[in-house]
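Here is what each chain is made of, one letter per residue.
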Amino acid sequence: MSLSVELVSPERVAFSGGAEMVVCRTTAGDIAFQAGHIPFIGVLQTHPVKVIGEDGETLIAVHQGFVEVSPPDAEGVTHITVLSDVAELADSIDVDRASAAKERAEEALRADSEDPEALSALQRAEVRLSVAEAA
Amino acid sequence: MAGAQERVLRRRIGSTQNMKKITRAMELIAATRVAKAQARAAEARPYAERITGVIADLAAGGAEVNHPLLAQVDDPAKIAVVVIAADRGLAGAFNSAVIKAAEREVAAARSENRDYALVTVGRKPADYFRFRNYPIEAEFSGFSDKPTFEDAAAVAARVSDLFTNGGCERILLVYTRFISMGSQEPVVRRFLPLESAETMATAGESGATAGFEFEPGAAQVLEALLPRYVEARLFAAMLDSAASEHASRQRAMKSATDNAEELITTLTRKINQVRQDAITTEIMEIIGGAEALSEDRGDPEDLLLDHLFSDPFPKHTGAHVRHVLGHDSY
Numbered sequence: 010m011s012l013s014v015e016l017v018s019p020e021r022v023a024f025s026g027g028a029e030m031v032v033c034r035t036t037a038g039d040i041a042f043q044a045g046h047i048p049f050i051g052v053l054q055t056h057p058v059k060v061i062g063e064d065g066e067t068l069i070a071v072h073q074g075f076v077e078v079s080p081p082d083a084e085g086v087t088h089i090t091v092l093s094d095v096a097e098l099a100d101s102i103d104v105d106r107a108s109a110a111k112e113r114a115e116e117a118l119r120a121d122s123e124d125p126e127a128l129s130a131l132q133r134a135e136v137r138l139s140v141a142e143a144a
Numbered sequence: 040m041a042g043a044q045e046r047v048l049r050r051r052i053g054s055t056q057n058m059k060k061i062t063r064a065m066e067l068i069a070a071t072r073v074a075k076a077q078a079r080a081a082e083a084r085p086y087a088e089r090i091t092g093v094i095a096d097l098a099a100g101g102a103e104v105n106h107p108l109l110a111q112v113d114d115p116a117k118i119a120v121v122v123i124a125a126d127r128g129l130a131g132a133f134n135s136a137v138i139k140a141a142e143r144e145v146a147a148a149r150s151e152n153r154d155y156a157l158v159t160v161g162r163k164p165a166d167y168f169r170f171r172n173y174p175i176e177a178e179f180s181g182f183s184d185k186p187t188f189e190d191a192a193a194v195a196a197r198v199s200d201l202f203t204n205g206g207c208e209r210i211l212l213v214y215t216r217f218i219s220m221g222s223q224e225p226v227v228r229r230f231l232p233l234e235s236a237e238t239m240a241t242a243g244e245s246g247a248t249a250g251f252e253f254e255p256g257a258a259q260v261l262e263a264l265l266p267r268y269v270e271a272r273l274f275a276a277m278l279d280s281a282a283s284e285h286a287s288r289q290r291a292m293k294s295a296t297d298n299a300e301e302l303i304t305t306l307t308r309k310i311n312q313v314r315q316d317a318i319t320t321e322i323m324e325i326i327g328g329a330e331a332l333s334e335d336r337g338d339p340e341d342l343l344l345d346h347l348f349s350d351p352f353p354k355h356t357g358a359h360v361r362h363v364l365g366h367d368s369y
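So the sequence lines, in the order shown, correspond to chains X and H. Per this note's numbering, the first sequence starts with residue 10, numbered consecutively. Per this note's numbering, the second sequence starts with residue 40, numbered consecutively.
Treat the hints with care, as some may be off.
Here are the simulated DMTMM-like pairs of lysine to aspartate or glutamate, each with C-alpha atoms no more than 20 Å apart in a straight line [said to hold, decoys possible]:
1. Lys-59/X <-> Asp-113/H
2. Lys-117/H <-> Glu-208/H
3. Lys-185/H <-> Asp-94/X
4. Lys-75/H <-> Glu-123/X
5. Lys-185/H <-> Glu-20/X
Just a sample of chain H residues kept apart from chain X, beta carbon distances all over 12 Å, derived [said to hold, decoys possible]:
6. Gly-92
7. Ile-94
8. Glu-189
9. Ala-271
10. Ser-294
11. Thr-320
12. Ile-322
13. Gly-327
One-sided excerpt, in silico: chain X residues whose CB lies under 8 Å from chain H [unchecked claim]:
14. Ser-11
15. Ser-18
16. Pro-19
17. Arg-21
18. Thr-35
19. Ala-41
20. Gln-43
21. Pro-48
22. Val-52
23. Ile-61
24. Asp-64
25. Phe-75
26. Ala-83
27. Val-86
28. Asp-94
29. Leu-98
These are computed hints drawn from the structure, not numbers from a lab. We treat Cβ as the ideally placed atom computed from N, Cα and C, and that holds for glycine.
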């Protein structure tokens, strides 16, 4: 029983490898997957995905998207696929840009606290920053 | 004058050589870009495959949904044609092949009394259709040789909107499919409405019949998934088109370079011939002149040739020999 994880964005495969556990946040709340999890498809929120491997944790900024847990294949490997428009590892995040985006979004929210675009921009920037800081 | 012709030829050779340098450079650039574009298309493939796989699993899990993107119409009153071509020319028949295919679709729609809308991706098709007074619904350009997912998402958003709110009941996608370095073909694909999830399922690898758990629910997942699927398909088409563009440009520029080389060879032969002709003429004139001179001396047997074979440089008759050799002094 083992777990193999792939984070796929439209432009490339952002992360691929084995893991012990994957933690992510779907629209219904946080959920963790381990090897042998039952087949599952969920819609993700803008939130970091945590991949816990033997040699520590990897955080990946994911902006919405989907997570699929497929049934174990013939060798008993459970495949987890995270599909997202944006899937970024800490080293590919531009911290300055994310902070600037955060400030802009906060600015916009002061003017209109209901602005949905600014809200999601703020959320994206915060996810990026939290991933970058954790690294 | 012979000298003028020679000068003209020399200038033509010069300009052809410059052109050859340019086309050679473009060929090499295109060659490296094809490789890059192919790599990008390969990197984008997993996403498209996985998303199809998830849809297959959803269908296997029994997701039923009446999504607007799936609304099937048998006899559409209005269609939209999305043309994906290049921003720049000099790529052989790349642009014109796609544009022709799109124009055929438009003509077919007209003859069946359907209304149509055109969406162009790339500057070339926009220019073509604008010049011919076709109504263009939306134009996108500036990224044909290196499309990003954001570009594709922007086009997909506009096209989906045309489908769901703009009254277009069928959307066709006209682009160039990249088969290999040596062959690309313009294709027309139905883009929207999407085939039903069941049909898509047969195209993708279905995980298993195992019961999936969905969060929040199968229908909601599919609803969130379909727009992404539309974007992924459009992105894949744009990447294919970009790779094809570079491959076509590379081929066009290669044959342009070859043609330039051939032209240079022909012109060089021509210039040599012209020069030789000029020299021959000159020699003939000089011989004629020398003969006239020797006739002046009153001895018809005293030909220039006799002098040449007997004593090439007789000191006392040096004057006309110097003329023959074209020197003014020894």
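Check: Would the least Cβ to Cβ distance between Ala-271/H and chain X come out above 12 Å?
Finding: The assertion about Ala-271/H is violated, with a minimum of 6 Å to chain X.
Checklist line | Minimum beta-carbon distance criterion (8 Å), Ile-61/X to chain H | finding: 20 Å, violated
Check: Hint check: is the beta carbon of Val-86/X less than 8 Å from a beta carbon of chain H?
Finding: Because about 13 Å separates Val-86/X from the closest Cβ in chain H, which is outside the 8 Å limit, the hint is violated.
Margin query: A closest beta-carbon separation below 8 Å is what the hint needs, so does Asp-94/X meet it against chain H?
Written below: 7 Å, holds
Check: Under the criterion of a CB-CB separation shorter than 8 Å, is Arg-21/X in contact with chain H as hinted?
Finding: 4 Å, holds
Check: Does the nearest C-beta of chain H fall within a distance shorter than 8 Å of the C-beta of Ala-41/X?
Finding: Interface hint status for Ala-41/X: violated (13 Å vs cutoff 8 Å).
Item checked: When the least beta-carbon distance from Phe-75/X to chain H is tested against 8 Å, hint result -> The hint holds - Phe-75/X has a Cβ within 8 Å of chain H, the shortest such distance being about 6 Å.
Next item on the list: Under 8 Å, Cβ to Cβ, is where Thr-35/X needs to be relative to chain H, so tell me if that hint holds or is violated.
Entry: Interface hint status for Thr-35/X: holds (5 Å vs cutoff 8 Å).
Margin query: Hint validation: Gln-43/X versus chain H, beta carbon distance must be below 8 Å. Holds or violated?
Written below: Violated - the Cβ of Gln-43/X stays beyond 8 Å from chain H, reaching only about 15 Å at its closest.
Notebook entry, point to check: Closest CB-CB distance from Ile-94/H to chain X, is it above 12 Å?
Noted result: Contrary to the label, Ile-94/H does not stay out of reach of chain X, its closest Cβ about 10 Å off (not over 12 Å).
Next item on the list: Have a go at the Ser-18/X hint: is there a Cβ in chain H nearer than 8 Å to its own Cβ?
Entry: Status holds, d = 7 Å.
Next item on the list: Measuring Cβ to Cβ, find out whether Thr-320/H lies farther than 12 Å from everything in chain X.
Entry: Given that every Cβ of chain X is farther than 12 Å from that of Thr-320/H, nearest at about 69 Å, it holds.
When held up to the earlier numbered hints, the structure conflicts with 1, 4, 6, 7, 8, 9, 14, 19, 20, 23, 24, 26, 27, 29 and fits the remainder.
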